[in-house]
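Residue numbers (numbering that gives the first Met the number 0), protein chains in the order written: chain A, 0 to 311; chain B, 0 to 311.
Don't take each hint at face value.
Copies of the same chain are indistinguishable here, so a pair counts whether it falls within one copy or spans any two.
To be verified - Think about it this way: if two alpha-carbon atoms lie no more than 25 Å apart in a straight line, the pair counts; the simulated DMTMM-like pairs of lysine to aspartate or glutamate are:
hint: 1; residue 1: 48; residue 2: 141
hint: 2; residue 1: 48; residue 2: 34
hint: 3; residue 1: 31; residue 2: 211
hint: 4; residue 1: 275; residue 2: 67
hint: 5; residue 1: 31; residue 2: 70
hint: 6; residue 1: 275; residue 2: 211
hint: 7; residue 1: 48; residue 2: 210
hint: 8; residue 1: 275; residue 2: 210
hint: 9; residue 1: 48; residue 2: 137
hint: 10; residue 1: 275; residue 2: 208
hint: 11; residue 1: 275; residue 2: 111
Simulated from the structure, these hints should not be mistaken for laboratory data.
Number of protein chains: 2
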Amino acid sequence: MKDAPAPHFRRVALIGIGLVNGSLALVMRREKLADEIVACARTETTLAKARELGLADRTTTSPLEAVEGADLVVIGTPPGSAGPVASAMAPGLAEQAIVTDVGSIKAPIIRDVVPHLPARSRFVAGHPVAGTEHSGPEAAFDTLFENRHCILTPIEDTDPEAVAVVAGMWRAAGMRVETMTPEHHDRVLAITSHLPHLIAYCIVGTVADLEEHLQSEVLRYAAGGFTDFTRIAGSDPVMWRDVFLHNREAVLEMLGRFTEDLAALQRAIRWGEGDKLQSLFTRTRAVRRGVIAEGQAYDRQALARARPNDAG
Amino acid sequence: MKDAPAPHFRRVALIGIGLVNGSLALVMRREKLADEIVACARTETTLAKARELGLADRTTTSPLEAVEGADLVVIGTPPGSAGPVASAMAPGLAEQAIVTDVGSIKAPIIRDVVPHLPARSRFVAGHPVAGTEHSGPEAAFDTLFENRHCILTPIEDTDPEAVAVVAGMWRAAGMRVETMTPEHHDRVLAITSHLPHLIAYCIVGTVADLEEHLQSEVLRYAAGGFTDFTRIAGSDPVMWRDVFLHNREAVLEMLGRFTEDLAALQRAIRWGEGDKLQSLFTRTRAVRRGVIAEGQAYDRQALARARPNDAG
């Protein structure tokens, strides 16, 4: 993809103003990408918080009102709400407005959103792969996207110029932008993101069901590995519900592979097969090195020297 | 347990000089807990590294030689080696020497070590719950133990004075020291530490088995949740092999609970039961808050503002 210069918008409508769209608002302020930012959320409480944090010039609970006169619309709701939101805002959309989104799944969102829009060629589905376990406008910060990947998933009739504009916006936020098909995106993310979240939710749920006296001790000694899982399992419940419901096929396939592998591991422990265990643990160490080499993980040893740490 | 003053040792023998014993050596230097530190490891390469890092005054590959004249011996080998090491060093041990260890499992280590010692009352089994995914002497740093829990698991005939000395040493390293029975320790750690490690090893192994083109993309987009798992699954393979082999019963029990819960979750996804998913994810968020309240996790939001992050 050719690098476009940072785009400039007259009016941007952010539909949903949580961690991702809130952080994007801060980037737009800093990089002067927009003359005016309009934020839309379901509740007045969220909008009041957004105004207080300076994330928007104007706010409204109506998607229809929000997109009025906007040249860019960013859907930042939980994935399951993207379709209804598109339907609600469609009558107010300018024909040439570019619409994009930030959802963690792509094919189902395209399927739900596109039929409502006046010009399907102006919808650029996207996924900035960045986040924290915090949600809501107060979780926003303007370096969220730096050095992270952004995956755009244009379809056959998506306007290349619209893709270039959206890519330019994410580059201005510090992201490395790439494109792939929506289906491929959903399959890759099922294993890098959705399955890890599912497993983290599951183990933390198992602990939540423990006998009470044991549970309080688990919280106490969580530093031994469990802490990392609780962080992931502290992520936004509604968003993740929608991810699993909408990326069902890919998640179930990867989950099937995982449970087979887990059964094999369980058997190795039961039968005392130390060589098998050690061999697997040595291979996984190599994957860790691969991740570090890809620059996605920081070598936290330096960090660990400066503060107590979570592993054990 | 009454707080003892920081102890002072004439000669400390560190059997194994990796992350934990190496970090303990640095603490002993800083806090002036020992006149002399002797380090023992299986290979001359490790010992050369330990000398280079100033972790020891003297080094030897012989446990028997290492413990000569020591008033404190700290076994810091993988759990499966604790018994053989105890057997090898026993003839050189002074009757009044205190022996302790740092293993992640306790009942099996006590069972393997105690029979070899000249005075079983002087063995204080212990587990400083602190670590990183790095191993070897070069991974050592002197703040590893700060504000972490250390669990001592004395048995009926353990000398209370020896327990107080070992507790004093870990307090000097910055730890919060507590005692419980070895069996209870092994059960609590099975869920806080052993099961999370097993699951992390498993999912990273699943990825290692993926078709090659998919795997390279997984490494690339790992920031979406997978990164945390690779960190845990980068831990020392031999140590963890021993943990699973020796804490088999407790690990298999917790694993059984987990796989039941995972099957239920899988079913909820397959049948589109969004309410069940959202309800679980909301409960797990509460567990995260519990962990933060226990002071075991840091609110990383502040940290995330300062640098790109790993979640998504």
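Hints versus structure:
1. 48 / 141: For residue 48 and residue 141, the Cα distance is within 25 Å only inside one copy (16 Å; across copies 43 Å).
2. 48 / 34: within (21 Å within a copy, 59 Å between copies)
3. 31 / 211: neither (52 Å within a copy, 42 Å between copies)
4. 275 / 67: Cα proximity of residue 275 and residue 67: none, with 62 Å in one copy and 37 Å across.
5. 31 / 70: Within. Shortest intra-copy distance 15 Å satisfies the 25 Å Cα cut-off; inter-copy 67 Å does not.
6. 275 / 211: For residue 275 and residue 211, the Cα distance is within 25 Å only across copies (22 Å; inside one copy 35 Å).
7. 48 / 210: neither (39 Å within a copy, 46 Å between copies)
8. 275 / 210: Between. Shortest inter-copy distance 21 Å satisfies the 25 Å Cα cut-off; intra-copy 33 Å does not.
9. 48 / 137: within (7 Å within a copy, 47 Å between copies)
10. 275 / 208: between (31 Å within a copy, 15 Å between copies)
11. 275 / 111: Answer is between; shortest inter-copy Cα gap is 23 Å, intra-copy 46 Å.
The structure is inconsistent with the numbered hints 3, 4 and 7, although it conforms to all the rest.
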